[in-house]
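Chemist: Please model the complete structure; the sequences and the hints are all you need to start from.
There are 4 protein chains.
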Amino acid sequence: MVVVMKQGATEADIEAVSERVRGLGGEAFVSRGQVHTIIGLVGDTERFHAIDWKQLVGVDHVIRIGKPYKMVARDTHPETTVVKVGTTPVGRDTFTLIAGPCAVEDEEQTMAAVEASRAAGATILRGDVYKPRTSPYSFQGLGERGLEILEEVRRRTGLPFVIEVVDLHQVEHVAEVADCIRIGTRNAQNFELLKEVGVANKPVMLKRGLAMTVEEWLQAAEYIAQRGNSEIILCERGIRTFEPATRNTLDLAGMAVAQAESHLPVIVDPSHAVGKRHLVAAMARAAVAAGADAVMVDVHPHPEAALVDGAQALLPDEIVELGQQLAAIATAIGRELNR
Amino acid sequence: MVVVMKQGATEADIEAVSERVRGLGGEAFVSRGQVHTIIGLVGDTERFHAIDWKQLVGVDHVIRIGKPYKMVARDTHPETTVVKVGTTPVGRDTFTLIAGPCAVEDEEQTMAAVEASRAAGATILRGDVYKPRTSPYSFQGLGERGLEILEEVRRRTGLPFVIEVVDLHQVEHVAEVADCIRIGTRNAQNFELLKEVGVANKPVMLKRGLAMTVEEWLQAAEYIAQRGNSEIILCERGIRTFEPATRNTLDLAGMAVAQAESHLPVIVDPSHAVGKRHLVAAMARAAVAAGADAVMVDVHPHPEAALVDGAQALLPDEIVELGQQLAAIATAIGRELNR
Amino acid sequence: MVVVMKQGATEADIEAVSERVRGLGGEAFVSRGQVHTIIGLVGDTERFHAIDWKQLVGVDHVIRIGKPYKMVARDTHPETTVVKVGTTPVGRDTFTLIAGPCAVEDEEQTMAAVEASRAAGATILRGDVYKPRTSPYSFQGLGERGLEILEEVRRRTGLPFVIEVVDLHQVEHVAEVADCIRIGTRNAQNFELLKEVGVANKPVMLKRGLAMTVEEWLQAAEYIAQRGNSEIILCERGIRTFEPATRNTLDLAGMAVAQAESHLPVIVDPSHAVGKRHLVAAMARAAVAAGADAVMVDVHPHPEAALVDGAQALLPDEIVELGQQLAAIATAIGRELNR
Amino acid sequence: MVVVMKQGATEADIEAVSERVRGLGGEAFVSRGQVHTIIGLVGDTERFHAIDWKQLVGVDHVIRIGKPYKMVARDTHPETTVVKVGTTPVGRDTFTLIAGPCAVEDEEQTMAAVEASRAAGATILRGDVYKPRTSPYSFQGLGERGLEILEEVRRRTGLPFVIEVVDLHQVEHVAEVADCIRIGTRNAQNFELLKEVGVANKPVMLKRGLAMTVEEWLQAAEYIAQRGNSEIILCERGIRTFEPATRNTLDLAGMAVAQAESHLPVIVDPSHAVGKRHLVAAMARAAVAAGADAVMVDVHPHPEAALVDGAQALLPDEIVELGQQLAAIATAIGRELNR
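Protein chains in written order, with the working numbering: chain L, 1 to 339; chain R, 1 to 339; chain V, 1 to 339; chain U, 1 to 339.
Take the hints with a grain of salt, since some may be wrong.
No copy labels: a pair is met if it fits in one copy or bridges any two.
Unchecked claim - Straight-line C-alpha distance at most 35 Å; calculated DSBU-like pairs for lysine-lysine:
1. K195 to K6
2. K54 to K276
3. K54 to K202
4. K276 to K6
5. K202 to K84
6. K70 to K6
7. K6 to K67
8. K84 to K54
9. K6 to K84
No wet-lab data here; the hints were simulated from the structure.
Modeler: Below, the structure written as structure tokens:
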């Protein structure tokens, strides 16, 4: 931690800061510059953070050195983590395709989307039964009945499922069916929910909030890890910007930063990022080329009749073609598509 | 609703759209332009929205006419709503000062902040016991013990309190002490929580999410209103932008848009918007001049020792001075400070 | 300047940085922390900035202390500057209303807008003859003929004019008529133009670029000041954000930050910030209450026929009413409207 | 164009709008909805745009159908354009690597960067002599002397150069050496400069402004096309968002939208988008996988001593390795690297 003094700070001001540091059992290193004097604080950082140094006389501002997350940081865990969803590994050494319906509408629609996903090479499936919707007048998910459908599909295909929860009450119940619990973008800073999945005995996929910096995203993951669950998959899904041509702006560099800063697997959801079918495949290809550990895409057999996000769902033929492209790009950069 | 056809759309495409409209019991008005043909849809809008028209052959895009919210819309409720917090009215005719500690730390700190707030003219108090914090290593609130302190302070001062809830479990319990329940920026699209406060028998203050458009904010309010609770106060508290000099960017025009679009009272929290003490008073003054129905500010007797957001808390002297300025500006624009 | 070393940096790495500092005639103060070692650099900052320290082995990142601007900084010029436009002072002690047509369309429209502005208390006029337009198919300004009209209006009213330039060729010519030259938001980082007005013998109004941080805005002002012209008025006019309800998001806190960081007068243009007539007056009131040194608003006698930005222009009656409100708020906060 | 009437609009209001449309030689198609009546305008769109319909009594808002650009639109020119820079084609059928120094510092540095670029497979070179810098205290480019170096390098390598201009005075002069003139992000709405390159007899590379929507970017290109120069290459280079971990946020979906909306080639500059060396290669790979027509990257033999943007420049070894990766990904998606 570095305390930067104001231009007019006096020796007494500097000494007062140093005294406070020593009182906390630390050491203060003073560098007297021509304009600003700065004080380097060495000792127990936690104790230093508890003080609002800006409030001391003569202090201009304070600079934090070091990261506000620990358990998910790559600095302290240089080896990357592989999270197993069912038997499918998600991590830096392989590349995984996750696909399926955005929302479960009925058994037929779900099965059709799942079959196409499997044919495309997907080894993890998606399908939601609780949908957080901006408008209260939109379809909110099948709930219980949806879970039954997913259980049946899972039995038939043998493939693991990732399913979203939107409230902490649902965690235990959804975890009975899901192989991985997902926390959506609007709940990415719902800290009570983060704490709850932190004690669930299932992998967690944590989407980035649409106004979250990468640093805040990793702090949200820290909430989960802190409770004992370190089976976390981070999922970039676009951030909110001024550009109206796409639903959100896919931040692939943010994905790459998260991979550099954290040991956790980081994946990309191009469907929700762009919201338009004709752009999804291009962004999925970009994600694998950028080094994403997986991509997750929406599939729907009849998007014109979809109850949720039909405009972004790939058709069965399209997901199969995309699967081939992703495998080819993965090979070109020395990774193998998980099968 | 308007369906815009692609440049190359055929007569058959146009007829197919029209046919579909008629099938839904509506009428289709076709305007054949030189470049684009557009089709105006007249009938039951709800039924039209259920169709993903973009999926039909020859359709370029679809334009929604009308607002995605109803119960909170001013169009349909031209008279503005006055929400009573305790006995204090919040609405377009008066101007209210809400003040108090950001977080309850102990009885002494709370009482000192409250006394200064009252001296400044505050007629509603704030003080939180559950704090949603970006970092899991930050102070998370006093919880139960904090509620006891607030109850005691309320008894002594006779002033009503607004208190934040961060999970739906807390609603019933907090509502026993609170005169108004607050939903914070990170939970503004926690739809399960919105539904829960929708059935609580208390006024609700709904902060704008930091990446929410005004339209989405009003849709979140609609979730509450839809359940039967229309005692809603909207609170602008800054949106996330690229500017790093302030914590967020206070969007006073967004506040004014919400007032124009909705019949609900709309207030401003300058403290959390800017995050820096020396800017809070200026933004509070701006808010009242822009027509905000109330402003809510943080007060702390010893901000240098604050456990949460000390950097933005006004000192007791400062809130008293601000109270006078706000009253003077309110008078200058023909409003009176609630007393 | 502070150099933060990586966690695994060796003593040799630290010594190499220190050696480099000494080679530049400076001193290096080393604080060895538990995780990161930091090095405070003391000496000639300019020489330090020329080095890309991040490239040295063992360096994690570099933190600049101090501001990237000097001549416009309040730190080094604590007394605030009053800029005279014609005989009208713009600065912290007074409050000035600037009004007039967005674009000069003809003499009648200009004169009508100017008369209303004068009646409202405006002591500086606006009116442009070169318009930077997003679309090449939009009206681009009257040019030469417009300047003649402005000259005539100025002769008749005796009031000074602020006029925009969009290319460095125009500076000399426009400066013959203008009392203040304006640089618009799209040219705020057109550095060649900034340099040119830096040698013009006229005050300059520099709008904030719509994606510029306050720090970058002050650096743009520094370009002008560096050439010898310190008669600079900064003008906040909204920044680009995700909110579509207004054209831009008016950043009044950014205005206040610019006032704190710089000795220059800082004013607000609510018309271009919001782009909608019914919000302009509220934002103008907010600006004066926040402490802006002036507000500048568009006026048009027949906005439905305006060639540019009619939707945001106030009607003659509206500007007169607004003038009264601004005067009342100015009085309420202890400032006087310039007359 | 569609005019949406207010809820309370009268028959007379509707008739007044229709009358106005007919007065402009057009036809008005009225669809009377339950809530809103909408009027479709058919006829000469240009004439309709000149009217500010929002100003008419009873009008709520106006919706533009159709695009605000024509000459660069794919709608009207379905065949995509191939721009030749020297003898190197840039377009949808091939993939081109553009590389070289960010700024020309001296002959040795330039030649070293160019040799590495050529070894990597670059068939177009970059190198600037005029640099628009945020701070007036930063290196502003070698100017004239730099052009001489570039001329010599071009003679030796036989490869074409793309060179930035920052003012319209430079266009003619730079065009003598450059095979393609570049307009940087800060000048992307410097309309006078756009007009000037519109009459230059050289291809133009137009970077996207850092706060520009894709639609505005295409309108800027329209300024150039309108003057007769349709040899335009669009270059995505990141937009400004709230995320501080990268300099800007690379908007690859924006690139894909520009390709869908325009017939012009669209390329990506990952170096300036992210500003950090360790992310550049990942984003370059993503760009080619997303379908970019070229990528342009900075190279520097000694980035620690670079006068501009050293932190983002690839080392000679790195560009060579990247060239191989890009070629492999291009092949995987059925494109060939230009050689």
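Chemist: If a hint holds in the structure, say so; if it does not, say that too.
Modeler: Tested hints:
1. K195 to K6: Answer is between; shortest inter-copy Cα gap is 31 Å, intra-copy 40 Å.
2. K54 to K276: Cα proximity of K54 and K276: across copies only (10 Å, versus 47 Å in one copy).
3. K54 to K202: For K54 and K202, neither the intra-copy (42 Å) nor the inter-copy (38 Å) Cα distance is at most 35 Å.
4. K276 to K6: between (51 Å within a copy, 16 Å between copies)
5. K202 to K84: within (10 Å within a copy, 45 Å between copies)
6. K70 to K6: both (31 Å within a copy, 15 Å between copies)
7. K6 to K67: both (25 Å within a copy, 12 Å between copies)
8. K84 to K54: neither (45 Å within a copy, 37 Å between copies)
9. K6 to K84: The answer is between: 32 Å across copies meets 35 Å, while 52 Å in one copy does not.
The structure does not agree with the numbered hints 3 and 8 stated previously, though it agrees with the rest.
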